[in-house]
Amino acid sequence: MKVRGGLAAIALLCFVGTAWAQAGGDLSVGRKMLLEDNPGELWIDKGKALFHEKRGPKKASLEQCDFGMGPGKLEGAAAKLPRYFPDVDKVQDLESRLVTCMVQLQGFKRDDVEKKAISPSRSAGSDVEALALYITSRSNGMKVNVTLSHQKEYDVYKAGEYLFYRRAGQTDFACVQCHGEANKRIRLQDLLHMTNKDGAGEVASTWPAYRGAHYVVRTMQWRLYDCFWQMRLPDLDYGSDVSIALTTYLNHSGNGTIIKVPGFKR
Amino acid sequence: MAEPMKIRATVQGDMADVRILMMHPMETGQRKNSKGDLVPAHFIKHVVVTHNGKTVLDAEWTQAISRNPFLGIRVKGAKAGDKIAVTWTDNKGDKRTDEVAVATGS
Chain A
15 MKVRGGLAAI ALLCFVGTAW AQAGGDLSVG RKMLLEDNPG ELWIDKGKAL FHEKRGPKKA
75 SLEQCDFGMG PGKLEGAAAK LPRYFPDVDK VQDLESRLVT CMVQLQGFKR DDVEKKAISP
135 SRSAGSDVEA LALYITSRSN GMKVNVTLSH QKEYDVYKAG EYLFYRRAGQ TDFACVQCHG
195 EANKRIRLQD LLHMTNKDGA GEVASTWPAY RGAHYVVRTM QWRLYDCFWQ MRLPDLDYGS
255 DVSIALTTYL NHSGNGTIIK VPGFKR
Chain B
448 MAEPMKIRAT VQGDMADVRI LMMHPMETGQ RKNSKGDLVP AHFIKHVVVT HNGKTVLDAE
508 WTQAISRNPF LGIRVKGAKA GDKIAVTWTD NKGDKRTDEV AVATGS
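Residue numbers (this note's numbering), protein chains in the order written: chain A, 15 to 280; chain B, 448 to 553.
Hints listed in this document are in silico derivations from the structure and should not be mistaken for laboratory results. Any given hint could turn out to be false.
[Claimed, not checked] Below, computed lysine-lysine pairings styled on BS3-like, alpha-carbon distance capped at 25 Å:
(1) Lys130/A to Lys482/B
(2) Lys274/A to Lys482/B
(3) Lys482/B to Lys129/A
(4) Lys46/A to Lys274/A
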């Protein structure tokens, strides 16, 4: 009797397993439909206007901001980020670079910009979110291409790889535990398999994205911040070295994927 | 504060496929902010779509429509180059009109 009960339980588990897998499949169909009419597109024009507008205490636009291709050159710039910037002697991702420009060129206070960078849900969104989306959208259709040609870029990449696999915090939790295998999910959300090229490519090519339940555009910095929160780790500082290391590791792993932003997340 | 709409109109056979994205808070008037005060209702009440100046859709909307709404319609008889204009009016009297020319389909 005992054995039979055990078999029945196993059979039941298998059945539940397939039912979930099918549910996941249906969701991805729905997401594809949403992608065609992505409200995130509304933020692109907003970001463009903000980029060219003279703002801040110094009444300057961001047209002189160098994202690695020369001042104001945005075509394909986001595809190569994060990268090393000699003027600050650091590896920076898109958002930390953007904050640097807003501070240096426009005279905004760093604390203010970083505090407002991640907007509340159901708000009109932050300037940084709109700008990050506009700048990344200028790399649409291009391949992610993070080169590790500078020693510091390589070091940051290695640090990111280490952090991705390292267990930390009160729940002894690492990124790889959720993102190291195919077909995993948290509740009904499919989790990306980031040690696989396609999974990492999706990370590298779809942020910033419109987050349906928040009604605003979210960025990679937000994604990492929220992952850290879900893992019960200390709050991730905006534009911190840890966040840039993880972004460098993931984007480099996703090299070759074609950028298509805004993405659409549930 | 009315932000521009994104309108895409493409010919599909004998009609045009029109897809409209609007940016609007669409507050229901039921939600409370972090201080516990009611957030006043703010939503699109009236949407009009015209094809070369002739009204093809006249809709009354309520709070039930989502934030940043999407509206998709098909306009019969629209040809490439025809003008599709969309106007929304919200309960605060705010108004926005955007216009596009219908593009040839693929």
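Check: Within a Cα-Cα threshold of 25 Å, do Lys482/B and Lys129/A meet the stated pairing?
Finding: Judged against 25 Å, a Cα distance of about 20 Å means the pair holds.
Next item on the list: With a cut-off of 25 Å on the C-alpha distance, tell me whether Lys130/A and Lys482/B pass.
Entry: holds (19 Å)
Next item on the list: For the pair supplied as a hint, Lys274/A and Lys482/B, confirm whether the alpha-carbon distance does not exceed 25 Å.
Entry: violated (39 Å)
Item checked: Satisfaction of hint between Lys274/A and Lys46/A, Cα-Cα up to 25 Å -> holds (13 Å)
Hint compliance for this structure: hint 2 is the single one not met.
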